[in-house]
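Chemist: Spelled out from the first residue to the last, the chains are:
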Amino acid sequence: MSHVAQGRGKYGFIAGFLFAPLALYLTFVIWPYVQTFGYSFTNWTGQSPTFDFVGTDNYAALLKDEVFRGALWHNLLLLVFVPLVTILLALFFAFMVNAGGRGGAGGVQGVGGSRFYKVVYFFPQVLSLAILSVLFGAIYRSDEGGLLNGFLTGLGLIDANHPVEWLNEPNLVLWCLLLVVVWHGVGFYLVLFSAAMQSVPKDVYEAALLDGAGRAQTFFKVTLPLLWDSVQTSAVYLGIAAMDMFVLVSTMTSGQFGGGPDHHSEVMSTVLMRNFLYFGKSGYACAMGVVMLALTMILSVITLRATRRERIEF
Amino acid sequence: MGSTGEGLGRRDLIKRSAALGLITVPTMSFLSACASGGAENSTKGPDKAAVTKENPFGVAKGGKLDVVVFKGGFGDDYAKAWEAAFDKKWGTTSSHLGTQEITAKLQPRFNGGTPPDVVDDSGAQKIPLDVLGKGGQLAELNAVLDAPSLDDPSKKVRDTLVDGAVEQGMLGGKYLVLKYVYAVFGFWYSGKLFKEKGWAPPKTWDEFLDVCTKAKDAGIGGLAHQGKFPYYINVVIMDLIAKKGGPDAVKAIDNLEPNAFEGNAAALAAVEAVYEVVEKGLLMPGTNGLTHTESQTAWNQYKAAFIPCGSWLENEQLKQTPEDFDMKFLPVPLLADSKMPLAAIRAGVDEPFIVPEKAANKAAALEFLRSMLSREWSTIFAQQANSLTVVKDGVDPGVKLRPGTQAAVEALKAAGTNTFSYRYPDWYSEMDTEIQNASNELMAQRIQPKEWIKRAQAAVNKAAQDPNAKNNKRS
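These protein sequence lines are chains Y and Z, in that order.
Using this note's numbering, read the first sequence as starting at 1 and increasing by one per residue.
Using this note's numbering, read the second sequence as starting at 1001 and increasing by one per residue.
Honestly, the hints are just simulated from the structure, not real lab data.
Predicted, not measured: the structure shown is a model, and the values here were computed from it.
All residues carry an ideal CB built from backbone N, CA and C; glycine is no exception.
Treat the hints loosely; a few may be bogus.
Unchecked claim - So these bits of chain Z aren't anywhere near chain Y, every CB distance computed over 10 Å:
(1) T1093
(2) E1196
(3) K1228
(4) D1396
(5) Q1406
Claimed, not checked - The calculated lysine-lysine pairs, modelled on DSS-like cross-linking and capped at a C-alpha distance of 30 Å, are:
(6) Z:K1174 x Z:K1155
(7) Y:K64 x Z:K1454
(8) Z:K1400 x Z:K1473
(9) Z:K1197 x Z:K1413
(10) Z:K1197 x Y:K64
(11) Z:K1251 x Z:K1454
(12) Z:K1080 x Z:K1105
(13) Z:K1134 x Y:K64
(14) Z:K1392 x Z:K1080
(15) Z:K1251 x Z:K1339
(16) Z:K1280 x Z:K1214
(17) Z:K1319 x Z:K1080
(18) Z:K1470 x Y:K64
(19) Y:K64 x Z:K1462
(20) Z:K1251 x Z:K1203
As the list claims (entries may be wrong) - Some, not all, of what chain Z presents toward chain Y, calculated at C-beta under 7 Å:
(21) G1135
(22) Q1137
(23) N1315
(24) E1430
(25) E1441
(26) Q1445
(27) Q1448
Next comes chain Y alone, as it looks inside the complex:
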């Protein structure tokens, strides 16, 4: 590397610093992608180094795979709702915590006890997904021992002999999972948005208040435009999380690598893993991986483009 560092001009100098990370990146990130792409044209079983080339058979089969198509649909549904709900809630809470207090003589401030709320909201973020799935497993438990069922039975809203089987209800399971993701994510984005709000100069708010703006107006006319960069970044992150969802689905729902009942909570990654490790159809699973990669990239680009706005300087 040293000969590069000694090299000519500043580009050689910069390239010298980039060489090692670039090599690592190529070896451990790009090369596996390329390999996956290669394997997606084979009938590799995943347990043996031998396989045959089958051309685009895997992709043709993928088009006809109803389970995968269902999973794709679920991912898209989550892609819409996870960022939307999480960001809206986080924005609302962040605003209340930072600028939602009574606009009195003290100027702009959060609601009472906002420091305390900030800490409490962040708690869920500290928990790992593994703990979350145990926690919410107990909440959604399908007999009277479940927190939700116990609560609703106690209120007399449901019959103890017919408790709601939350994660075993085709129409509920995905929303139950969505709730976990949102619960987990809101705190983090609240803190992110709080930081962004605090960097907004107070006099901007004060000016708005003097002009007679109410809370809603302050939020939509001042806070949101100034926070747009953060919101945009959050949307991309949450979108990627919604495309994954593997850990929660595979641990909380029924079936090999989750996805139950009867594929109603299936996401692409669970279908992929089941085919890869359980059915021994690894070549086919690689084809799914390639599709997932393509979709994630397309969606990231679209999100960044669609949310592009003029930057407001302050």
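Dock chain Z against chain Y, hints included.
Modeler: For chain Z alone, kept in the frame of chain Y given last:
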């Protein structure tokens, strides 16, 4: 879904999701990292000793033996005791790994051509045997069967095993898997509860429903099942089919016949019988969404009269079972006009031990398997893991059994030659999964028996297109 290996916390969420989480985050790179191990074969192996009658595989002194076992319901103490005994006899050095993450730990080694010597490939994360077999990764174990038994050198090992033990280790026409544990399947109940309430163990399905109804009237659930894992309710459905339709019905399913389910009166009657439990509200409330430990524990707390399971249940529930629970076994009750008697039971061998084709010390691995099939090692297993092995009368009479295991032994005796087993879950994992999904829908009353039959047959027809369907035949 293995059966006998389902231990305490086998699907323990924390461990499972931690393991899954680790392999998911970099899913893509992971996919290929496994594959890129290359195909080169690095077997140099130790020198072989001369083959003698006492040493039929030519185990060399001072070799190494690499053992990996699934640390589930049976723990792994039995394996440690075995390895100590083996090292003492052969002067080998054993390395031991007890883990629940069989796939994560071993898949790269299989792909890289450096697998261990002996593997207990079980648990939720086992590497599917059909896949390993298809890939030519498993050594044939006929030599072990044909070697002299350690207990009686005049006999071959083959002749010291229970019926069906060899047959159920066949994959694609070859004996590749030593299924070591012998388990019986059926319903379980508390002798104490039944005595208290004055219920008699049912003999027919109508009597079964009757007890469930009485239980319901007494404020107890009738039938509990491990809803999150429909594997268990499938045991009930399949056993009813087997008993009503006889061995031909079993064969039809395993051999993927076009009328395995559709047009098979026994199959429809069996599914309708199970559905009747649901329809009459005789399921324990909420059981459809519970894990195996949750439902079994509820049953241990007298919240349900019956639960279906294999004979590993007692060991799995050791800590949750009240002292005076008096666990009892009940063969699946009969439907009208059944071809098999009441005493007939599904008796399965499980806990698959394999020797990889590319094992570095294959001779020692085969000798290890031969030792497992001795009465001495079989007794070690029964003591450490509360379970029976495939060795006929393989437990020293001095070992006292717990009530559930004792009940299972008696049921086995009563069944005599009337035992049966299914092979399709091993042969066609995809078909098994699809039938399990259908059963889950049935239990939740989202589909009717006729729809179940249709879906199960569709799964069979799909599996029939598997190229392996030619080799996987039973008679």
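Chemist: Hint by hint, note whether the structure agrees.
Modeler: Status of each hint after checking the structure:
no., hint, verdict
1, T1093, "28 Å, holds"
2, E1196, "22 Å, holds"
3, K1228, "4 Å, violated"
4, D1396, "38 Å, holds"
5, Q1406, "31 Å, holds"
6, Z:K1174 x Z:K1155, "22 Å, holds"
7, Y:K64 x Z:K1454, "20 Å, holds"
8, Z:K1400 x Z:K1473, "40 Å, violated"
9, Z:K1197 x Z:K1413, "28 Å, holds"
10, Z:K1197 x Y:K64, "55 Å, violated"
11, Z:K1251 x Z:K1454, "19 Å, holds"
12, Z:K1080 x Z:K1105, "19 Å, holds"
13, Z:K1134 x Y:K64, "25 Å, holds"
14, Z:K1392 x Z:K1080, "23 Å, holds"
15, Z:K1251 x Z:K1339, "14 Å, holds"
16, Z:K1280 x Z:K1214, "12 Å, holds"
17, Z:K1319 x Z:K1080, "23 Å, holds"
18, Z:K1470 x Y:K64, "25 Å, holds"
19, Y:K64 x Z:K1462, "14 Å, holds"
20, Z:K1251 x Z:K1203, "25 Å, holds"
21, G1135, "3 Å, holds"
22, Q1137, "6 Å, holds"
23, N1315, "24 Å, violated"
24, E1430, "5 Å, holds"
25, E1441, "5 Å, holds"
26, Q1445, "11 Å, violated"
27, Q1448, "14 Å, violated"
When the structure is compared with the earlier hints, violations turn up for hints 3, 8, 10, 23, 26, 27 and for no others.
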